[in-house]
Every structure is written in C-alpha cells, then in structure tokens.
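If you read the sequences in order, they're chains A and B. As numbered in the numbering used here, residues 754 to 1184 make up the first sequence, in order. As numbered in the numbering used here, residues 754 to 1184 make up the second sequence, in order.
Hints were generated in silico from the structure; no laboratory data involved. None of the values given here were measured: they were computed from a predicted structure. Misleading hints may appear alongside valid ones.
Identical copies look the same in the list; a pair holds intra-copy or inter-copy alike.
Distance condition first, Cα-Cα at most 20 Å in a straight line; then the derived EDC-like pairs of lysine to aspartate or glutamate [what the hints assert, rightly or not]: (1) Lys756 with Glu861; (2) Lys1155 with Glu861; (3) Lys1178 with Glu853; (4) Lys854 with Asp796; (5) Lys1139 with Glu852; (6) Lys854 with Glu995; (7) Lys837 with Asp796; (8) Lys1139 with Glu853; (9) Lys808 with Glu873.
There are 2 protein chains.
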Amino acid sequence: MMKQYKYPNISEWKSICERPLQNQENLENQVKQVFSEVKKSGDTALKFFTEQFDKVSLEDLKVSESEIIEAEKLVSEELKSAIKTASENIRRFHNSQQEEKKIIETTEGVFCWRESRAIENVGIYIPGGTAALFSTVLMLGIPANIAGCKNIALCSPPDKFGKINPAILFTANLIGIKTIYKVGGSQAIAALTFGTDTIPKVDKILGPGNQYVTAAKQLAQNYGVAIDIPAGPSEVLVIADETSIPGFVASDLLSQAEHGTDSQVILLSDSEKIIDEINSEINKQLEDLHRKEIAEIALQKSKSILFDSIDEAIAFSNFYAPEHLILALENAENYTNKITDAGSVFLGNYSPESAGDYASGTNHTLPTNGFAKNYSGVSLDSFVKKITFQNITKTGIKNLGKTIELMAEAEELMAHKNAVSIRLKSLNNEN
Amino acid sequence: MMKQYKYPNISEWKSICERPLQNQENLENQVKQVFSEVKKSGDTALKFFTEQFDKVSLEDLKVSESEIIEAEKLVSEELKSAIKTASENIRRFHNSQQEEKKIIETTEGVFCWRESRAIENVGIYIPGGTAALFSTVLMLGIPANIAGCKNIALCSPPDKFGKINPAILFTANLIGIKTIYKVGGSQAIAALTFGTDTIPKVDKILGPGNQYVTAAKQLAQNYGVAIDIPAGPSEVLVIADETSIPGFVASDLLSQAEHGTDSQVILLSDSEKIIDEINSEINKQLEDLHRKEIAEIALQKSKSILFDSIDEAIAFSNFYAPEHLILALENAENYTNKITDAGSVFLGNYSPESAGDYASGTNHTLPTNGFAKNYSGVSLDSFVKKITFQNITKTGIKNLGKTIELMAEAEELMAHKNAVSIRLKSLNNEN
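Excised from the complex, chain A in its bound form (with noise of 0.2 Å):
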C-alpha cells in the first residue's frame, strides 16, 4: 500500500523528497483581503466572516468568565488529571530551557553577557475542525507562561453553536489563559497582527492552522508580528532494523497517517523481511481505525524505502529533515550524534511519537516540510528575546581602544572612532 523503494541512488533522493505542493499564490489575495477588512472594520470583520466561515453569528468575541466556569463541569475527571500529568511534564521540560546568566570576562575589564526577557504580547492559534486541539495549549501555553508574557491572547474558531471546546477552555484556564477569543481562520491572524476593539495586537503569533492560517502568518510577517515556523503538513519517518516490533512500528506510521490526506509518512529500513512484516500489520491495525478513510489516503502517497545500510537510511533521513524522526533501531541512542536534521527524535521502541504529541515534555509544534533544515521547533527560546549587555570599566577601553579605533578607521566610521579616542583621553588626563 506504501509506495516501494528499494536501494534508490542518490540521485534519486530529491524527488523521493518532494512534499506536495502548495499552492499559496492563490490564497495570498484572499487572505490580503481579509486582513484589509480586519484592518478597517475590526471586530465587525471578525463577525462578518466568522458568520460566513464558521456559520455562526456571535454577539461576543470573547469568551466569558462562565463559558469557563461551564467547560470545567464538562470534562471528565479523567481527562482532567491527565492533562493535568502532561502539563508537568511540559513544564519540567520548558523550565530546564532557561538560559542562566554567564559573564564573560572578554578580555580584562570588559564583560558581556546575556539576559532573557519574554516578548510582552503573544497570540496563541488553535484550529478547530474534527478535533480539539487542547494539548497545542499545552504546548504554547506553558512556554508562554515560564518566559513571563503579560499578554497571552489565545484565539480559536467557534462552533456551529458559537462555542469553543470545553477542554480547549478547560486547559487554557489550567495555565492562566483567560483572554480567549471565538475567531479563527485568517481573520484571527489579522485581528492578532492589527488589533481590534476585543482582540489585542500582539508581538508574535504562535500555533498550528490549515494553509489559509498558514499564508496569513507569513503576511502577518511584513506587519512586523514575529511567527513561530513556517507550517506544512505533519511528518513522521521511522528507521527500523531486524529488532524493531512491526506492530509497533505500523502503529507509528498509522498515527502520523491519521492525521489527514496529506501527512507524510516515510520508513526507511536496511531489511526487507521487517519492511513487509510492517506492511502486513498496517492492514490489519488500519481494519479498526476510526479514521481509516483519511490514514489510507496518507498511506497511499507514504514511502518505504530499503537501503543498503542503517547509515545510509540515516543520511537519506538528514536529507528529508522529517518533523519526527523515530529510530526503532537496536542500541539507537548510538546514533544521535549522526542526526543533523529532524525536528523532535524518539529513541527505541518504546518512545512512539505520541508521547511527544501530548505528554513527555517535548514540544510537539514542530518545523514540518523540509524547515528542520533551518528552524527549531517551539521551546522556551519562542516566548523570549534574549538582550545582550555590556560593562567596559576603565581598564577596559584603555585594553580595547586602539583595537577599536582601528576598526571604526578603517571603516571610515570617524565619529565611533572618536566615541573611544575621547574616553582614551580623559583617562588619560586622569593620570
């Protein structure tokens, strides 16, 4: 059911990469024409086309103290807890991404250093469609929370009954989130990056949407609001050797599969024996999926791929730059040192993608579409600026002016240069 591959030359990999095309050209005029509503009419745009998007007409853009109250009473006490564990996890996991601060003596007298600040205003997106996406709360949230953000505007599309998922509130509230807006789509992007009369401007939009969210956070960009990454469809490659579980393995495949018609899923495998045993178990573990129709259609553009060697299915891999990269291999720690490009890595057969996606700590917002080349996923470092500072005592000019002035010289930039030559002097005077 996967397309087949078997020893393919080098020269092959690059179209064995390509991700299907997107066509954003179209979408850019009508997202530039949301967002000039947005820009001119505010939360009247915002309920013009939330109506014809979401077919619904709300009187309030915001959701109220008892719409929380409400979503709380409505999610079982179960699902709770377990949000409740993930959030932890999350937490532990941001909170060791903080950055302490280290002086560094550059030469004698002269100290550098960095300090983190959180970026005041951040507006979170979460899709609505088929699932509610409460662990992308999680995901943001807490980040959001440990890098101190004053302002955290979470926007979300409503509902055909004008509401928003109790467990999306639920978690929100859980983590200190009490500005959430029923608006999604484009319009949420714009309202965040202008400002409205309810939804506040903010310095950075963060989240995952479909591809009108998508062309609308790349806009939002030359409107000075910072974006997380760009986004694509969701990702997973898995490397398996002879020790790898195939039932384990197709359950992988099968969760990324899931996710919908155009998720990537790719396995690489220096065995063909494991290569089909994995195949047999995707049919028989897709006969029960609930979203069986979406995983086939996923599963007939997905890859499996036999190389010669794991390191040559690892160099294939680094060359794709998935957004999960699960190494079910034997002793697959031994390999780390060889990743140079994926987004977030799972280790063994026991760390299936779907830890990261709600509960291990990690961060499951990830650069998809080959951007594991060059940005990093959501972390802690999302939510921050970090501000270099600087104290040159006394002895410091005196050790680093002649270098300076040299420079600023050399550069013709004669008044930096006389910034350090007027310090030189009195200093000298001093003596």
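Use these hints to put chain B onto chain A, whose structure you have.
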C-alpha cells in the same frame, strides 16, 4: 538641533516613537523581477544586474585564491592585529553561548533533552557602499564557524573595478571563509535563495543591507529560506543622568548619527542641564566630523526628551525598544532588571556603542525599528537548530501510557492512542 520634548504625556509616546516609514510596496515589485530573472537565468542574470547596478562587467563571480592572497598584503599589520583581537573577543563570547546537553527525566523512565546542530548552508551578506564593513564578517562568520556550518557563502557587491575591499577578504579568510562572491543587492539574495551555477542555494541568509536587500530577504522567506531579523535604519537611545559626561554622550549620539541620514538618535534624561550640555558638546564635536553632512541630517530628526525620573525614561525606552541602549547613569547596573526591550545594552560611562560594534565580543547584528520587542540579535542560536530527543523506557511508557491514551482519545486521534496501547499490551503480556 535635536528636537526637544519636555515631560511628554504617555499618550504622546507612540507618535514620538514612530520610525520613518519605508515604502516597501514599490520595492517589492522590482525585487520580484530580480528574483524571477535570477531564478530563470542564474549567473547570466547576476552578471547583467552587476553591470547595471555596480557598473562593472565581471568574468568570474567568485573571488579567486590569488585575490585573497593579494588582499592580505593590502591590509596594514596594525589593522590585521586589531581584527584578530576583536575576533578573539567575539569568539569567546559566542563560544559561551553553546548549550550543554541537559537530560531531563520528566517522569520516571521518560528522558528528554535538546541538542544543537548547525544549519548546514548559510549565506552571509556584507553590504558595499561607502564603508567596507569587515566587522560584520566577524559578527556573522564567527558564530557560523562555532556552530559548525558546513558551507558559508559570503556575498558582497564589487566596486567599479570589480574588486571587493581587501579588509573584507582578509577577515573572511582569517575565519576560514573561502567561498566569497562578487554580487550584491537583491540579486545576491536571489542567488542564495535559488542557487546558480556559481553560487550555492542556502538554508538561511544573514546580514545587513539597504532597503532592496531587506525586501529581498523578506521575499526569500516565501521560498523556504530563513533570515536573521527584519531590518531597518540603525538606532541608539541614551539615558543620561547628572553623573554622565556630556562629551562622552555626545560622541555616542554622533557615532550613531554618522551611520546614515535615516539613523535614529534619541536622548533621554531627568536633567535639563545635562541635555543642554550634551547639545552644546554635539555642536562642538560635529565641526570636525568627517561625515558631518550625514550626521547633521540625522540629528535634525533626532530627539531629546526630558522626563521626571530615570524610571520613567526607562519605561519610555522599553516602549521604543531601541537597537542600542546606553545607560550613562550612576550605578547603571542597578537598572538592568528594568530593561525589557532593547537589542544590546551598554552600561556606564566607559561602554560606548563602538565597543559592541567592533570588539567587545557582543554581536552588532541587532533588531532595529522596534523589532527588539519580538526578536533577538544574532547569536550562536542564529546558526543552529535545537533538536529535541526522547528516550522512553518500558517503565516510562507504563508510567505515561494512560495519560497519552486519554488525551489522544479526547482529541479523537485513535491511532495515536493505539500506538501506546499496543506497547502497553505487549508489556502486560511480558509479565
């Protein structure tokens, strides 16, 4: 000469903080044209645009080995030694930004960590024009070097004799960059975006440039290329109290003003006396200035603002979010905690901006135009991706399994749940 404000009301801050508007719309079409030509005709297009914009016809776009050897002879020993001193400080500071691997056990048996990997292919843009910015070669090349970027392509426009300034070539060679191309403007950015026969396609483009280069970098993002930071005219904001030395502050303001006619220069103080003294020092120092005409125009648009207190001045500075912030204050280090938005901060009377521009060790590629609110300056982080890894043991998945199952089920992603269930089941069968 600077425009003077006294005790402005907070409602006026926004208009005082406004940066000069850049008309990007117009540029965009020109730059798109250049991109489409370079994509279509590669090197031929590059040579065409170089003839058109740089007024020189080139045989070869790549700087030859012999040109690099020649350059070495043209740079004075004194300047070479200054560049080496600066490069050691920059290396020391950026080396300190390496992140050590911290393995976090978020739940018993669940191990998560991050590892940094170099972005493999990076492009560095060094502007031409009046001054040869070899210092920027250090600021971008050294962290690229420390990160371990495999391919570093440096582009800089040739002069009308088809040459690149020897100090740029010497500096590039000093830090091991041998792939240097004589191409500038938006055509250089297009070449790095698409690749040509001579110039390699890269994953990320860094470096300053005029508004064409800025627009081109923005456009490059649409083709999947990452960039460092959106750019704008350079800025300094100085906060001075009665203890500051007027001559020093004046020299700092002038060193920013000489950058270009659009440079932003702002002085804040709680003392009218010191503002007056600084102004008369500016007039005095301006007389002897090499780039007097440029500085004068910049100063006409610059502002001095009197505040009731240093705390209020700091609040204004955070609101403005300057690229460079100089705290010419008594006990300046006591104020660092209050600084929330700035690119790079200079403390006390002996830390001129020039020090950070050239040699103290901090990076001089910084967020302008208010982008210090949502972007960091260039650092080692700019040249790496941080990949998350996780290794979950049998105990780990037993501990975490139920949590993942519940959350996956609530998000209606049953295959995600299955990936855990199949493992838990197999472990139960083991017992």
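How the hints compare with the structure:
1. With identical chains, the CA atoms of Lys756 and Glu861 are never at most 20 Å apart, being 63 Å at best within one copy and 39 Å at best between copies.
2. Within a single copy, Lys1155 and Glu861 get their C-alpha atoms as close as 14 Å, which meets the 20 Å cut-off; across copies the closest is 56 Å, which misses it.
3. With identical chains, the CA atoms of Lys1178 and Glu853 are never at most 20 Å apart, being 37 Å at best within one copy and 43 Å at best between copies.
4. For the homomeric pair Lys854 and Asp796, neither the shortest alpha-carbon distance inside one copy (43 Å) nor that between copies (47 Å) is at most 20 Å.
5. Proximity of Lys1139 to Glu852 under the C-alpha cut-off of 20 Å is found in both arrangements, the shortest distances being 9 Å within a copy and 14 Å between copies.
6. Proximity of Lys854 and Glu995 under a CA criterion of 20 Å is satisfied in neither setting, with 46 Å inside one chain copy and 30 Å between copies.
7. Taking the shortest alpha-carbon separations for Lys837 and Asp796, neither the intra-copy value of 34 Å nor the inter-copy value of 57 Å comes in at or below 20 Å.
8. Within a single copy, Lys1139 and Glu853 get their C-alpha atoms as close as 11 Å, and across copies as close as 17 Å, so both meet the 20 Å cut-off.
9. Neither within a single protomer nor between protomers do Lys808 and Glu873 lie at most 20 Å apart by alpha-carbon distance, with minima of 33 Å and 47 Å respectively.
Of the numbered hints listed earlier, those contradicted by the structure are 1, 3, 4, 6, 7 and 9.
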